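Whole structure, please, built from the sequences with the hints as guidance.
Line by line, the protein sequences are chains A and B.
The working numbering puts the first residue of the first sequence at 112, with every later residue one more than the last.
The working numbering puts the first residue of the second sequence at 525, with every later residue one more than the last.
No lab work stands behind these hints: they were computed from the structure.
Any given hint could be a false lead.
Listed below are the simulated DSSO-like cross-link pairs for lysine-lysine, each with C-alpha atoms no more than 30 angstroms apart in a straight line [said to hold, decoys possible]: (1) A:LYS548 x B:LYS717; (2) B:LYS527 x A:LYS343; (3) B:LYS527 x A:LYS421; (4) A:LYS347 x B:LYS527; (5) A:LYS347 x B:LYS580; (6) A:LYS364 x B:LYS615; (7) A:LYS493 x B:LYS757; (8) A:LYS421 x A:LYS493; (9) B:LYS755 x A:LYS551; (10) B:LYS755 x B:LYS717; (11) A:LYS489 x B:LYS788; (12) A:LYS489 x B:LYS757; (13) B:LYS757 x A:LYS364; (14) A:LYS283 x A:LYS207.
Since we're looking at a predicted model, the values are computed, not measured.
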Amino acid sequence: MSLTPEYLKEERNQEWRAELRSKTKNKDRMLISRVKMPELAPEIRVRYQDREVNMGLEPEQAQKEATRCMDCANPTCIEGCPVNINIPKFIKYIEKGEILNAAATLKETNALPAVCGRVCPQEKQCESRCFYVDKLDKQAVAIGHLERFAADFERNSGVSNVPETAKPNGIKVATVGSGPASLSFAGDMVKYGYDVTVFEALHEIGGVLKYGIPEFRLPNSVVDFELENLRKMGVKFETNYIVGRTSSFDDLKEEGYKGFFVASGAGLPRFMEIPGENYNGILSSNEYLTRVNLMGASTSNTDTPVLRGKNVAVIGGGNTAMDSVRTALRLGAERAIIIYRRSEAEMPARIEEVHHAKEEGVEFMTLCNPLEYFANEKGRVKGMRLNRMGLGEPDASGRRRPMPIDGSEFELDVDLVVVAVGVSPNPLVPSCLPDLKVTKWGTIVVDEEKMQSSIPDLFAGGDIVRGGATVILAMGDGRRAAENMHQFLQKTSIN
Amino acid sequence: MNKIISKEYFSDKVVKLVVENPLIARSRKPGNFVMLRIGEDGERFPLTIAGADPVKGTITLVVQIMGVSSSKLVALEVGESITDLVGPLGKPTHIEKIGTILAAGGGVGVAPLLPIVEAFKKAGNRVVTVIAARNKDLIILEDEIRKWSDELVVMTDDGSYGRQGLVTAGMEEIIQREKVDECIVIGPAIMMKFASMLTKKYNIPTQASLNSIMVDGTGMCGACRVTVGGKTKFTCVDGPEFDAHQVNFDEMLMRLGGYVQEEKKATEIYSQKL
Ligand SMILES: Cc1cc2nc3c(=O)[nH]c(=O)nc-3n(C[C@H](O)[C@H](O)[C@H](O)COP(=O)(O)OP(=O)(O)OC[C@H]3O[C@@H](n4cnc5c(N)ncnc54)[C@H](O)[C@@H]3O)c2cc1C
Ligand SMILES: Cc1cc2nc3c(=O)[nH]c(=O)nc-3n(C[C@H](O)[C@H](O)[C@H](O)COP(=O)(O)OP(=O)(O)OC[C@H]3O[C@@H](n4cnc5c(N)ncnc54)[C@H](O)[C@@H]3O)c2cc1C
Ligand code: SF4
Ligand code: SF4
Ligand code: FES
Numbered sequence: 112m113s114l115t116p117e118y119l120k121e122e123r124n125q126e127w128r129a130e131l132r133s134k135t136k137n138k139d140r141m142l143i144s145r146v147k148m149p150e151l152a153p154e155i156r157v158r159y160q161d162r163e164v165n166m167g168l169e170p171e172q173a174q175k176e177a178t179r180c181m182d183c184a185n186p187t188c189i190e191g192c193p194v195n196i197n198i199p200k201f202i203k204y205i206e207k208g209e210i211l212n213a214a215a216t217l218k219e220t221n222a223l224p225a226v227c228g229r230v231c232p233q234e235k236q237c238e239s240r241c242f243y244v245d246k247l248d249k250q251a252v253a254i255g256h257l258e259r260f261a262a263d264f265e266r267n268s269g270v271s272n273v274p275e276t277a278k279p280n281g282i283k284v285a286t287v288g289s290g291p292a293s294l295s296f297a298g299d300m301v302k303y304g305y306d307v308t309v310f311e312a313l314h315e316i317g318g319v320l321k322y323g324i325p326e327f328r329l330p331n332s333v334v335d336f337e338l339e340n341l342r343k344m345g346v347k348f349e350t351n352y353i354v355g356r357t358s359s360f361d362d363l364k365e366e367g368y369k370g371f372f373v374a375s376g377a378g379l380p381r382f383m384e385i386p387g388e389n390y391n392g393i394l395s396s397n398e399y400l401t402r403v404n405l406m407g408a409s410t411s412n413t414d415t416p417v418l419r420g421k422n423v424a425v426i427g428g429g430n431t432a433m434d435s436v437r438t439a440l441r442l443g444a445e446r447a448i449i450i451y452r453r454s455e456a457e458m459p460a461r462i463e464e465v466h467h468a469k470e471e472g473v474e475f476m477t478l479c480n481p482l483e484y485f486a487n488e489k490g491r492v493k494g495m496r497l498n499r500m501g502l503g504e505p506d507a508s509g510r511r512r513p514m515p516i517d518g519s520e521f522e523l524d525v526d527l528v529v530v531a532v533g534v535s536p537n538p539l540v541p542s543c544l545p546d547l548k549v550t551k552w553g554t555i556v557v558d559e560e561k562m563q564s565s566i567p568d569l570f571a572g573g574d575i576v577r578g579g580a581t582v583i584l585a586m587g588d589g590r591r592a593a594e595n596m597h598q599f600l601q602k603t604s605i606n
Numbered sequence: 525m526n527k528i529i530s531k532e533y534f535s536d537k538v539v540k541l542v543v544e545n546p547l548i549a550r551s552r553k554p555g556n557f558v559m560l561r562i563g564e565d566g567e568r569f570p571l572t573i574a575g576a577d578p579v580k581g582t583i584t585l586v587v588q589i590m591g592v593s594s595s596k597l598v599a600l601e602v603g604e605s606i607t608d609l610v611g612p613l614g615k616p617t618h619i620e621k622i623g624t625i626l627a628a629g630g631g632v633g634v635a636p637l638l639p640i641v642e643a644f645k646k647a648g649n650r651v652v653t654v655i656a657a658r659n660k661d662l663i664i665l666e667d668e669i670r671k672w673s674d675e676l677v678v679m680t681d682d683g684s685y686g687r688q689g690l691v692t693a694g695m696e697e698i699i700q701r702e703k704v705d706e707c708i709v710i711g712p713a714i715m716m717k718f719a720s721m722l723t724k725k726y727n728i729p730t731q732a733s734l735n736s737i738m739v740d741g742t743g744m745c746g747a748c749r750v751t752v753g754g755k756t757k758f759t760c761v762d763g764p765e766f767d768a769h770q771v772n773f774d775e776m777l778m779r780l781g782g783y784v785q786e787e788k789k790a791t792e793i794y795s796q797k798l
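What follows is the structure, encoded as structure tokens:
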């Protein structure tokens with residue numbers, strides 16, 4: 112569903128909204144200060160890998176925050192949301208106290224609101240376009256916190272609001288991977304009436320939501336609840352199934368699949384290729400987080416081991432680096448250090464994560480770059496050499512280019528290093544489809560509007576198309592792919 | 525799915541399992557492996573597919589009991605199922621008619637060697653195989669390997685069976701006796717290191733199948749990385765077979781020891797539970 116200005120206007124003119132608007136003066140709305148998310152105290156939370164840091168808003172807090180929103184005639188916030196949630200509508204339902212209706216509004220365009228409310232970089236998306244920021248130079252309405260509130264309320268209410276689905280049309284479609292792109296695609300296709308199967312290589316459904324993002328930021332139970340909803344709508348899940356390996360695309364076509372959505376992610380870790388990087392105790396963030404999050408290595412009853420360090424260095428400045436460094440603290444590190452070659456202003460991580468990491472005692476060594484690692488006689492890393500960086504002219508990405516400073520080299524004692532300097536697209540699917548067009552970076556080429564690849568019945572989205580991006584962009588891709596594959600399949604099945 | 529159809533002990537430590545999985549049985553090729561997980565608390569670990577029957581829809585695994593995961597697998601009874609089994613993974617062995625192949629297997633490495641020997645033989649090569657183990661009890665799959673080899677040499681470290689000596693001694697004798705076009709070696713890392721040094725001396729192209737530590741087996745984590753020709757490669761997606769003469773075996777041996785403490789502890793806890 113697209114939100115045309117007319118539609119938005121019509122919704123906004125509904126009696127209940129007009130009434131709410133007239134109930135409180137805008138002047139008074141503006142006087143309320145932004146709610147603060149209740150958090151677990153840093154000294155407590157660093158002891159638990161599985162306790163969520165943000166505790167969620169109380170109903171009164173949510174209602175008060177919702178009152179701040181002015182239900183703008185021209186809600187620019189919506190333009191900042193990649194899936195165009197009808198933000199004022201859901202927020203006004205919260206102000207009115209009809210939280211389940213707020214949740215239903217979210218579900219109109221977002222299959223995973225409890226996830227997005229927690230992990231979206233709101234400050235760069237919806238909230239960056241809020242009237243408060245744009246015109247008043249004040250703190251934005253806490254759209255993300257409110258989204259989480261409504262979704263959590265619904266989950267805890269026991270009333271599960273399974274969206275309606277069209278009559279089954281018997282057409283089989285397959286989606287490859289089970290991250291957010293795939294899940295939103297599956298949700299929409301099952302609503303259109305398709306017979307949808309999600310194929311996942313790992314033994315768990317969820318992609319990065321399960322193996323990457325830690326429990327203290329996104330509990331697995333939240334993801335599982337959303338998966339249960341998809342199951343109830345009729346989506347089928349096959350784990351331990353690598354499309355292109357366990358079966359080929361041709362095998363699946365023979366089994367009757369008419370359309371494919373590839374959302375296999377950007378799962379391949381990059382290393383820096385510097386001397387000593389293969390010593391024991393130096394691992395990718397994917398390995399570190401997978402051991403802990405997917406395999407449960409931090410608890411004593413699982414078989415998967417994880418290395419613990421006293422002095423842990425994490426290389427990088429993105430969400431992955433923050434998740435790794437905060438995990439290291441929770442696994443007992445005395446010193447957990449972020450080493451990033453640019454300055455803090457350029458860090459791609461969500462601001463909230465950087466803030467939380469600092470509260471927990473993470474050290475930030477910005478403008479520093481690793482050069483080499485040293486090991487003890489058993490091959491376990493014991494130290495590293497770095498140099499300091501200065502910022503030069505802006506580069507192609509618009510960020511100022513870090514340049515090594517001569518003579519600034521120094522050494523640091525470390526016994527565990529987590530490398531979080533980015534990921535590359537998963538090459539598995541492209542490698543088994545010679546006709547599939549890919550870029551020189553290995554991402555799948557698609558028509559940006561339709562998400563259709565050079566193979567007509569194959570659509571793609573998420574990180575395999577964008578390189579490393581965000582949960583919500585991946586979900587937006589899934590929705591667009593669903594809409595366009597639906598049109599494509601309707602046309603081809605009529606002919 | 526993943527039901528254990530039969531279980532046969534080659535020795536107290538080496539067990540052959542036939543497992544139901546029609547999709548893998550249909551798509552696997554020699555050299556491929558699977559990742560397994562036993563129970564919800566289990567770890568993911570790799571085993572080579574030692575054989576498959578696409579008609580019956582089964583694959584064969586040969587596992588040596590090392591620590592917790594291999595013990596948990598072997599503890600499953602016929603009729604029980606493996607919790608998670610995914611594959612086929614890794615690049616298949618490049619099989620073609622080359623001439624004379626010298627295949628060398630050490631210990632449980634003989635199991636993954638079997639389908640490769642079979643495939644090279646079927647492709648029209650002369651195949652000479654050397655299998656070796658510490659003692660008689662650890663020699664496995666002798667008859668199966670013999671079936672696909674033009675000649676089979678069996679060696680034991682202690683001389684309790686076949687000829688006494690290391691695998692490399694048997695290999696060198698053959699290399700000196702006849703022209704060998706290609707070698708393939710599978711076994712403990714240390715054995716592959718010395719076998720590789722030997723064939724390098726004689727300039728014989730050699731493939732080794734590396735048994736790195738793995739987590740996902742799909743290229744996602746980098747736990748399995750090895751240095752080949754000075755470049756970092758991921759064993760699970762770029763391998764598991766590599767040009768042995770380019771592999772940095774010393775680094776590989778070091779990395780195999782990366783979790784020894786943790787594994788020892790896990791094994792102690794597991795045996796206390798039993
Ligand atoms: C540690 C970490 C923290 C992050 N934090 C945030 C955050 O706070 N906010 C945010 O917006 N974004 C964050 N991101 C980025 C975000 O998670 C990704 O952009 C998003 O998950 C991409 O979704 P996707 O659907 O494209 O694929 P993924 O989530 O990557 O899932 C792809 C799945 O496909 C499977 N697969 C691959 N090939 C095959 C195949 N051939 N057959 C079957 N299955 C296959 C993989 O096993 C995987 O499970 C983070 C990423 C990481 C790693
Ligand atoms: C591609 C590939 C194919 C393999 N095929 C087979 C096979 O067909 N049959 C088979 O029995 N084994 C095979 N292995 C090895 C097998 O995966 C390990 O033996 C197994 O993971 C050990 O797990 P564990 O928990 O029982 O022992 P652990 O407790 O993990 O280890 C016990 C001891 O074994 C050592 N060890 C751990 N992992 C390995 C390893 N990968 N290689 C060598 N030593 C190791 C440890 O250092 C430790 O001393 C293969 C490995 C790879 C990478
Ligand atoms: S999905 Fe993300 S961007 Fe959209 S409204 Fe929610 S938090 Fe904002
Ligand atoms: S821009 Fe801000 S104040 Fe206006 S409707 Fe959106 S959230 Fe409310
Ligand atoms: S096992 Fe994880 S990348 Fe190879």
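Here is how each hint holds up against the structure:
1. A:LYS548 x B:LYS717: violated (40 angstroms)
2. B:LYS527 x A:LYS343: holds (28 angstroms)
3. B:LYS527 x A:LYS421: violated (43 angstroms)
4. A:LYS347 x B:LYS527: holds (22 angstroms)
5. A:LYS347 x B:LYS580: Holds. LYS347 of chain A to LYS580 of chain B sits at ~26 angstroms (cutoff 30 angstroms).
6. A:LYS364 x B:LYS615: holds (24 angstroms)
7. A:LYS493 x B:LYS757: holds (23 angstroms)
8. A:LYS421 x A:LYS493: holds (11 angstroms)
9. B:LYS755 x A:LYS551: Between LYS755 of chain B and LYS551 of chain A the Cα gap is close to 20 angstroms, so the pair holds against 30 angstroms.
10. B:LYS755 x B:LYS717: holds (18 angstroms)
11. A:LYS489 x B:LYS788: Answer holds: LYS489 of chain A to LYS788 of chain B is near 16 angstroms, not above 30 angstroms.
12. A:LYS489 x B:LYS757: holds (22 angstroms)
13. B:LYS757 x A:LYS364: violated (33 angstroms)
14. A:LYS283 x A:LYS207: violated (42 angstroms)
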